[in-house]
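Since the structure of chain A is already known, use the hints to place chain B on it.
Those protein sequence lines, which keep their order, are chains A and B.
Residues in the first sequence are numbered from 6 upward in steps of one, following the numbering used here.
Residues in the second sequence are numbered from 297 upward in steps of one, following the numbering used here.
Keep in mind the hints are simulated off the structure, nothing from the lab.
Computed from a prediction, not measured in an experiment: that's the story for all the values here.
C-beta: ideal position from N, C-alpha, C; glycine also.
Hints may contain errors.
[Claimed, not checked] If you want a taste of the chain A side facing chain B, the calculated C-beta under 7 Å gives, among others:
1) A181
2) T185
3) V191
4) T192
5) T196
6) W198
7) P207
8) P211
[As the list claims (entries may be wrong)] The calculated label-pair distances, taken between Cβ atoms and stated as ranges, are:
9) A:T185 - B:P303: 30 to 40 Å
10) A:T114 - B:T424: 40 to 50 Å
11) B:T424 - A:F274: 37 to 47 Å
12) B:R318 - A:R137: 27 to 37 Å
13) B:W316 - A:A127: 16 to 26 Å
14) B:T424 - A:G273: 37 to 47 Å
15) A:L48 - B:H492: 37 to 47 Å
16) B:W316 - A:R43: 53 to 63 Å
17) A:A107 - B:T329: 24 to 34 Å
18) A:T185 - B:W316: 20 to 30 Å
19) B:D493 - A:I110: 44 to 54 Å
20) B:G364 - A:T114: 53 to 63 Å
21) B:P303 - A:R137: 52 to 62 Å
22) B:L549 - A:I110: 57 to 67 Å
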Amino acid sequence: MEANVRSALARDVALPEPVASRSAEPPRGSFGWFVRSRWLGVLFTLALLALWQGVAVSGLVDSALLPPVTTILARFAPAVARGDLIGSLGESLGRMAIGYGAAAIVGITLGILMGRLRVVWALLEPVLELLRPVPIPAFIPLLILFLGVQSPLKIAVVFIGALFPILLSTYAGVRALPPTLRATAVTFRLTWWQTIREIVVPAAAPAMFVGLRTSLAIALIVEVVAEMIAGTGGIGYYVLQAEEALRVVDMYVGIFTLAVVGYALNFGFLAIERVAIPWHAGGAHRSASE
Amino acid sequence: MKIADRPAALAAAGAGKTFWSRSGAVEALAPLTLSIAEGSFVTIVGRSGCGKSTLLRLFAGLTAPTSGVVRADGDVTRYVFQDYSQSLLPWQTVEQNVRFGAVHGSGEPAHGDTATAVRESLAYVGLTGVELRYPWELSGGMQQRVAIARALAARPTVLLMDEPFSSVDALSRAHLQDMIAGVWSKLGITIVLVTHDIDEAILLADRVIVLAPAGAGIAADVSIDLPRPRTQLETRATDAYLGYRAELLRLVLD
Chain A
6 MEANVRSALA RDVALPEPVA SRSAEPPRGS FGWFVRSRWL GVLFTLALLA LWQGVAVSGL
66 VDSALLPPVT TILARFAPAV ARGDLIGSLG ESLGRMAIGY GAAAIVGITL GILMGRLRVV
126 WALLEPVLEL LRPVPIPAFI PLLILFLGVQ SPLKIAVVFI GALFPILLST YAGVRALPPT
186 LRATAVTFRL TWWQTIREIV VPAAAPAMFV GLRTSLAIAL IVEVVAEMIA GTGGIGYYVL
246 QAEEALRVVD MYVGIFTLAV VGYALNFGFL AIERVAIPWH AGGAHRSASE
Chain B
297 MKIADRPAAL AAAGAGKTFW SRSGAVEALA PLTLSIAEGS FVTIVGRSGC GKSTLLRLFA
357 GLTAPTSGVV RADGDVTRYV FQDYSQSLLP WQTVEQNVRF GAVHGSGEPA HGDTATAVRE
417 SLAYVGLTGV ELRYPWELSG GMQQRVAIAR ALAARPTVLL MDEPFSSVDA LSRAHLQDMI
477 AGVWSKLGIT IVLVTHDIDE AILLADRVIV LAPAGAGIAA DVSIDLPRPR TQLETRATDA
537 YLGYRAELLR LVLD
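Okay, chain A solo, but in the shape it has when bound:
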């Protein structure tokens, strides 16, 4: 399970775009332009789906296990019309939002306090280092004892899973405050609270966003895992139930939905990041021309 979480994490780290070559950009619409653009990847994805379709239709693989893509897509309309797909998804996202939101508030607050107050760091560091390596799903049986199998369980699991990346990257960002920036706050005689609000938080914001984005992917993963282990509803339960009832096409519908939702969450997050920390998204890599 931990391996799953790890690989999902690795997947979430976007590959940096290769540095543009010094030679002139190939003209838009040309073959040279196309193989450098995102459309190459889009086309490749479509080609993989076409391959899948061909394999499924030709009977090379049992189509009961691997239904044609068209069959899966055709099932979306009735699944949406029945309401259970959207309902399950909404249930999962609602719980995720609560757990993730709480983790963001607690993680950022504790991360800042640990970074600025030595006593808080000394108090919490051993506990955090003990809890952090435990795979999140290992907490689920324990939490079931206290919280049952309903929503509080899943919210707690998402909270724990999302907390550590947010807390640790906030802490790292606060610790990485340049000494000159700290000295600037001193020479302008900022109070402790002014220093936090006007210097520490904006300076550590890019690091916080790294943690928030990592945790967003983890939140979706552990929500689905929790539903599969202790399911009463939600999109993870929907997938598991479909598989157990041999409604294979519905299972694929659930998986497709998760892929699209995961992509959309990350896409939305990056859009927010561009607005919230424009100096980081746009400027940090640009060098000033002397």
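Structure of chain B alone, referenced to chain A:
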């Protein structure tokens, strides 16, 4: 009244700084006694490791002396760092950075006052038309101008500058030197500037303090009696200037 006879804006009495490292005590600055008159322009020179930055940090309250006392009024003292890119706030525009200085200045400015302070400070350092740019979009020389404007917006009476022009190119440096000399004569504030550049030290100062190597204290205290306004071309060609230059070079190199 001559500047040297005015009351002290900054004073150190037996002030020294010793750091403790694994190999034992390291004296960054031997106890020294020094008084800097209100409205004077003092430069501090000396070789690397002589403790000139440590002395400035003592006056700024960025570090506490391990012996003696330092007298400075932190409310009206502001500091310009050598490393402007790490000192300016990258998430704020030029205007917002300077407003930061006005808001965190001595006395509480009225709301209309802040905008005036920002505009005036930018005019002092000769920056217009870049208010809405981010610091990292500007050249090094312009960034340091922003940092100086931000310090001035706080309405200080004492400005401490730690090698403010060492990280900019030679041409920008000459312009910045002329600019800070103009600001000093216009505002009548006290400026203490640390530099390793003998020419810069003479061109700007009424008084050059030479620190002895390895934090051993004050080696010489030289009054610079050159008429103002001084210029890069004429002043630096006079016999008096060249005399100071030879004297100070001998002191620093010894």
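Which of the numbered hints are not met once you compare them with the structure shown? 1, 5, 6, 8, 15, 17 and 20
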